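Protein chains: 2
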Amino acid sequence: MISADNYPSTALKEAVEAISSLPGVGKRSALRLALHLLKQPADKIHRFSAAIGGLADSVHYCKTCMMVSDGDTCSICADAKRDHDTICVVESVRDVMSIEATGQYHGVYHVLGGIISPIAGIGPSDLTIKELVERVSAGTEVILALSGDVEGETTSFYIYRQIAPSGCKVTTLARGLGFGDDLEYADSMTLGRSITNRQIFKP
Amino acid sequence: MISADNYPSTALKEAVEAISSLPGVGKRSALRLALHLLKQPADKIHRFSAAIGGLADSVHYCKTCMMVSDGDTCSICADAKRDHDTICVVESVRDVMSIEATGQYHGVYHVLGGIISPIAGIGPSDLTIKELVERVSAGTEVILALSGDVEGETTSFYIYRQIAPSGCKVTTLARGLGFGDDLEYADSMTLGRSITNRQIFKP
Numbered sequence: 042m043i044s045a046d047n048y049p050s051t052a053l054k055e056a057v058e059a060i061s062s063l064p065g066v067g068k069r070s071a072l073r074l075a076l077h078l079l080k081q082p083a084d085k086i087h088r089f090s091a092a093i094g095g096l097a098d099s100v101h102y103c104k105t106c107m108m109v110s111d112g113d114t115c116s117i118c119a120d121a122k123r124d125h126d127t128i129c130v131v132e133s134v135r136d137v138m139s140i141e142a143t144g145q146y147h148g149v150y151h152v153l154g155g156i157i158s159p160i161a162g163i164g165p166s167d168l169t170i171k172e173l174v175e176r177v178s179a180g181t182e183v184i185l186a187l188s189g190d191v192e193g194e195t196t197s198f199y200i201y202r203q204i205a206p207s208g209c210k211v212t213t214l215a216r217g218l219g220f221g222d223d224l225e226y227a228d229s230m231t232l233g234r235s236i237t238n239r240q241i242f243k244p
Numbered sequence: 042m043i044s045a046d047n048y049p050s051t052a053l054k055e056a057v058e059a060i061s062s063l064p065g066v067g068k069r070s071a072l073r074l075a076l077h078l079l080k081q082p083a084d085k086i087h088r089f090s091a092a093i094g095g096l097a098d099s100v101h102y103c104k105t106c107m108m109v110s111d112g113d114t115c116s117i118c119a120d121a122k123r124d125h126d127t128i129c130v131v132e133s134v135r136d137v138m139s140i141e142a143t144g145q146y147h148g149v150y151h152v153l154g155g156i157i158s159p160i161a162g163i164g165p166s167d168l169t170i171k172e173l174v175e176r177v178s179a180g181t182e183v184i185l186a187l188s189g190d191v192e193g194e195t196t197s198f199y200i201y202r203q204i205a206p207s208g209c210k211v212t213t214l215a216r217g218l219g220f221g222d223d224l225e226y227a228d229s230m231t232l233g234r235s236i237t238n239r240q241i242f243k244p
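Going line by line, the protein sequences match chains C and Y.
Residue numbers 42 to 244, in the numbering used here, belong to the letters of the first sequence in order.
Residue numbers 42 to 244, in the numbering used here, belong to the letters of the second sequence in order.
These are calculated hints, taken from the structure and not from any lab test.
There are no misleading hints in this set.
Note that the list lumps identical chains together, so a pair holds whenever it fits in one copy or between two copies.
Below, computed lysine-lysine pairings styled on DSSO-like, alpha-carbon distance capped at 27 Å:
#	residue 1	residue 2
1	Lys-122	Lys-54
2	Lys-80	Lys-54
3	Lys-54	Lys-68
4	Lys-104	Lys-171
5	Lys-171	Lys-210
6	Lys-104	Lys-80
7	Lys-210	Lys-104
8	Lys-80	Lys-68
9	Lys-104	Lys-122
A quick note: this is a predicted structure, and the numbers were derived from the prediction, not measured.
Kindly produce the complete structure, drawing on both the sequences and the hints.
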């Protein structure tokens with residue numbers, strides 16, 4: 042009898058197990074995706090497989106900001122038109138992509154590669170904080186663009202203590218109501234902070 | 042600026058494009074999954090890539106029933122304890138797995154590899170109907186276990202016309218209310234059919 046753990050083909054089983062190891066993908070979805078791939082021509086499956094393998098073989102990290110890159114220096118760090126004295130510190134590659142998509146930021150980045158989390162066993166030495174300290178001098182502005190939860194605040198505070206002796210300017214993202222948000226639906230923490238940190242009205 | 046179509050790394054872009062070609066996976070989910078894979082050790086990424094490649098290289102199809110298999114004959118067709126005179130005709134590999142999971146069926150299968158659908162451009166010659174006709178004789182029972190929509194009914198009718206001359210017995214799945222279903226929530230087509238096809242009460 043073929044059940045959820047008893048596949049008709051070993052190769053199919055291995056593909057389902059690999060796909061279901063992805064976050065948010067269960068065994069049933071993985072089977073659906075594997076059977077979809079199975080219906081594709083062999084060369085398309087090989088291209089898919091090679092693209093995944095490329096994540097291990099062809100992705101480089103920028104030696105300055107630790108962003109994923111095609112070479113030793115990413116396109117942002119290589120761009121002379123950007124402000125190299127403003128460093129935006131983020132948790133992950135995806136945060137860089139989100140901020141770049143706004144088109145509002147013209148400085149450079151520093152990718153920590155995670156966030157301090159005792160529960161997940163991630164300490165300061167697992168992140169690229171040492172590399173950040175080496176980049177910072179008195180003329181630098183460091184923008185701490187980490188999440189607003191306990192881990193984010195802890196990491197921000199730890200980094201602040203490491204870089205403050207250099208005499209650099211340290212800023213953080215503005216927090217408050219989202220653009221177009223309704224007061225009625227805002228949580229009280231956000232609403233409270235947006236009153237405390239109120240800004241001059243510029244009509 | 043890095044936007045949705047402007048990735049910091051070519052390899053990352055290729056992985057995201059491959060993953061987002063899967064059904065039901067958008068660009069944002071694909072990026073999330075690719076970045077998750079990127080965080081894994083290289084040997085785990087290689088195993089994942091090899092498992093996908095295995096779908097092209099290591100999956101065989103049973104030469105009798107067209108089910109995916111590790112060799113030329115699947116474990117079901119190779120099983121002498123199963124009833125080889127009862128052939129259950131299904132659309133896909135997944136249907137075989139669903140029926141096997143019930144533990145209620147002891148015959149063999151025939152996987153069509155699709156269903157007749159003029160809209161999707163799938164005709165009888167794209168399916169394994171010719172191979173089914175060759176397996177059928179006067180002593181065979183063929184169970185048409187296709188979906189209950191127009192395409193399923195059309196395919197069932199087409200197959201019936203092809204195999205009826207052999208004198209085989211042709212049956213189809215019972216349709217009616219689901220086990221434990223409430224009359225109140227049943228659609229009228231299902232409820233109507235379950236009255237027309239009512240069965241002797243066996244207490």
